[in-house]
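> Take a look at the letters that make up each chain.
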Amino acid sequence: MAKKKLFWTKRIARTLITAIGVSLVAFLILHLTPGDPARIILGPYATEAAYDRIRERYRLDEPIPVQYIYWISGVVRGDLGTSIRYNRPVAELIRDRIGPTMILMGSALIVSISLGVFLGILAAIKRNTPLDYFATFQAVFWLSIPPFWLGILFLYIFGLQLRWVPIGGMVGFTSLIFPALTIGLRDEAWFARPMRAEMLEVLNQDYIKAAKAKGLKYSHVVVKHALRNALIPMITMIALRLPWVIGGSVVVEVVFSWGGLGSLLVNSVLARDYPVVQAILLLLAILVVLANLGADLLYSVIDPRIRLEG
Amino acid sequence: MRKLLLMLLVLSMVIAGLGLAKDTVVISFTAEPSRLNPITFQDTETSMVLSSIFSPLLELTAEGNFTTEDAVTDRYTISDDGLVYTFYIRQNIKFHNGDPLTARDVKFSYEAFLDPDLGSPHHRYYTGIDELILVDDYTLEVHLKEIDVAFLTLARLRGFVMPKDYVEQVGWDQFERNPIGSGPYKFVRHVPAQRIELTRFDDYFGDNAEIKDVVFRFYPELSTAVMAVRAGEVNFIGELAAEEFESLKRTSADILNFGTYERFEDHRVVFNKRPGEPFADVRVRQAVNYAIDRHEIIALTRPGMATPAVGRVPTFHAAHAADAPAYEVDLDKARALLVDAGYPDGFKTKIFAPSNHRERVLEAQQIQRQLLQIGIEAEVVAIEWGTYLDVTADGEAPMFRERWSASAPEPISFVESWHSESSWNPIFGTYYNEEVDRLVDLIRVTINEEERWELYREAQRVAMEDAVCVPLYYPLVGEVYSKDLYIPDDLWNPFRRPISAVHRWEWR
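Those sequence lines, one after another, are chains A and B.
Just so we're aligned, residue 1 is where the first sequence starts under the numbering used here, counting upward by one.
Just so we're aligned, residue 1 is where the second sequence starts under the numbering used here, counting upward by one.
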């Protein structure tokens, strides 16, 4: 029990350090990029006094380390600051946008995990048949298509030509289908191959042979005995894939006019809206770190033999 | 999970709410307006939304004359010495919250633009105001420090009349989240990242809007908006690129309407003329002018959608200087000038263009090829907008591909940046010519129009002798909209623009 406690303390400390590290790097990259928020907000023709007012209000005239300390101490107190571009609290902007992004990411993950696992199993048990080749082919296919282009193609075919879905925006469930597929299909490809490999390995184990020998139904053997064991490594795969899902959603949100964090992030970078960019990057970093933490936790739940070591 | 389902439910209810019947017109923007505040706005998209919510002090006719139709002013007078403008405000105007609009609100609006604490980027347009005198509830006198023929132009453009009582009661932050004006449409809601909704204001003092609801939807990716207009989900694309206009015209002529109009705008290449730069030498600037072929550039990015520029003021305006030096292509002359200037083998330089404007980058590349013919190796630097603003204003860009949209109807801002005292002078690479300074000063105080237009022409002639910049073209703007949408003819001109009067659009 004490060992377990130590493990979690260590993990949480590491998570915190990672989050702070990410916030520092994000902050530096952002502030070292040329471009003055005051000039972008007010345009090139405002008076110096007006520019100075903005610089002063957002403390842009202070040295970068001082700005960082101001910012991070605000974050610790739960104050993410005010958006320069929107003149609204950053927390409010994020609250408005986080829902759509979570829905999109969640749906994309449902698509990718269910399809990936299913096709992976299918390819494993039908090894070296046309079905297996098809599974491989489709995985390579989705991985090769840039999501930006795939999104436009989906909109063109299913939105413009067939009129099955609205073209961009968030107008009901049908709006969600193709953004989720654009992200999901690519990630499905990412999951299907390892799933097949894991499944093959497990199917060759002695206990599977034993189960078969006992006369259990093959489908029962696959689902009850093989799948559970093959899924364990997949949990890490999924957790490791999460940052990519988020990254992919930025492009997809723009193509589909999906009003989530991704499109807010892009606009805010272009407008040098430092407080917003910093907050979103920090949030994403925390999400990724938490996902990894969650994977570790799930690991030990699914397979109690796995030892928790810092 | 339950939260997720709930959100999906909310999303699907939004469809029902959006029901795009014929009483709604949908306009697409690629950028979302940041703040709906007349004092602080800077982007075109915000001005498009605000122009439906607020009423101007004065309106313009299709010919570019001032009119009081659809304007807050009933009539106005200018004193003989040109220093006092008296505005008589209409007495039947109501704000969207029911408050009457009076001269107090007009005065308040001017003061807001001038208030240093509000930090308006439009502040400098109003600094010529000496005093604002409230004569009575419906009469306002504006006293100027000195004669300024451009005063009405600037006073009108940013003259969004704002409600004093409301702003004082709720504060500016609240005001920009729920703006209240006296225009034909009132603000309903702004769904972040999605849309802004307006609905008809039934107590509007002018003719009520034909179409009941206006929705501005945001499509960060223009290709998506183009598909949406073809599918009928969008009825009008705001800020369409010339390239997309041409391609839509080829592919969708049967399902869409197309219209064009000239803009009060010119495109040019600006030189950094600071001492020590190669472009400080007039001969080098002239050589570049002789080497650049504007016809080729227009053919590349806007075939049939632009007129070659001579000087700065567009061709349709009386102040256009048709006889200013045009520098038609002459490579021998260009090379000779470079030899004279001490660059027989040319030199290396850079031309900057903002990367979010694809056509400007393409044009910069074309210019690069053209300059190579006279030995100038210009590296094209396409940089993102925020960085571009920084680099050009700081004098780090030897050449940059600019676009200038002037406030109508007075073309003063085309020539004003040449004045050595103008705050725009350093932004556009600095320039000093005593004669140009004198002419620009004269323009400001010459009330007679014919004389003033001649001064504009003279200023452009002198400055173009100096090859102060490379005029490229005056653009024609193309708009694409639904087949059954009717936009009145008198809006298709540089002074009105279709998007500025959505309340006059109709479904046919």
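Possibly wrong hints are sitting among the right ones.
Sample of chain B residues lacking proximity to chain A, with all beta carbon distances greater than 12 Å (derived) [as the list claims (entries may be wrong)]:
(1) Asn92
(2) Asn97
(3) Thr139
(4) Gly276
One-sided excerpt, in silico: chain B residues whose CB lies under 8 Å from chain A [unchecked claim]:
(5) Gly119
(6) Gln169
(7) Asp173
(8) Thr224
(9) Ala228
(10) Arg230
(11) Ala231
(12) Arg335
(13) Ala336
(14) Leu389
(15) Asp390
If you want the footprint, here are the derived chain A segments under chain B, 3+ residues with CB under 8 Å [stated by the list, open to error]:
(16) 133 to 142
(17) 222 to 230
Hint data in this document are derived by calculation from the structure and do not stem from the laboratory.
Being a predicted model, the structure only gives us computed values, none of them experimental.
Beta carbons: idealized from backbone N, C-alpha and C, even for Gly.
> Against this structure, judge whether each hint is valid.
Against the structure, the hints:
1. Chain A leaves Asn92 (chain B) outside its interface by the beta-carbon criterion, the shortest separation being 34 Å against a cut-off of 12 Å.
2. Residue placement check: Asn97 (chain B) keeps its beta carbon more than 12 Å from all beta carbons of chain A (closest about 22 Å).
3. For Thr139 (chain B), the requirement that its beta carbon stay farther than 12 Å from each beta carbon of chain A is met, with the minimum near 31 Å.
4. With a cut of 12 Å on Cβ distances, Gly276 (chain B) stays outside the contact zone with chain A, its closest approach being about 22 Å.
5. Because the smallest distance between the Cβ of Gly119 (chain B) and any Cβ of chain A comes to about 4 Å, under 8 Å, the interface hint for this residue holds.
6. Hint on Gln169 (chain B) is violated. Least Cβ distance to chain A is approximately 19 Å, over the 8 Å limit.
7. The interface hint given for Asp173 (chain B) holds, since its Cβ lies 7 Å from the closest Cβ of chain A, which is under the 8 Å cut-off.
8. Interface hint status for Thr224 (chain B): upheld, as the beta-carbon distance to the closest one in chain A is roughly 4 Å, under 8 Å.
9. For Ala228 (chain B), the shortest C-beta to C-beta distance to chain A is roughly 4 Å, which falls under 8 Å, so the interface hint holds.
10. For Arg230 (chain B), the suggested interface contact is upheld, since its CB lies about 6 Å from the closest CB of chain A, less than 8 Å.
11. Checking Ala231 (chain B) against chain A: minimum C-beta separation of about 5 Å stays under 8 Å; hint holds.
12. Hint status for Arg335 (chain B): violated, given a least beta-carbon distance of 35 Å to chain A, over 8 Å.
13. A least Cβ separation of about 36 Å between Ala336 (chain B) and chain A goes past the 8 Å threshold, and the interface hint is therefore violated.
14. Taking 8 Å as the C-beta contact cut-off toward chain A, the hint placing Leu389 (chain B) at the interface holds, the least distance being around 5 Å.
15. Annotation: Asp390 (chain B) was flagged as interfacial toward chain A, and the flag holds, the nearest CB pair being 5 Å apart, inside 8 Å.
16. Counting residues of the segment 133 to 142 of chain A whose beta carbon lies closer than 8 Å to any beta carbon of chain B gives 0, which falls short of the minimum of three for the stated coverage.
17. Coverage of the segment 222 to 230 of chain A by chain B is violated in this model, with 0 residues showing a Cβ closer than 8 Å to a Cβ of that chain against a need of three.
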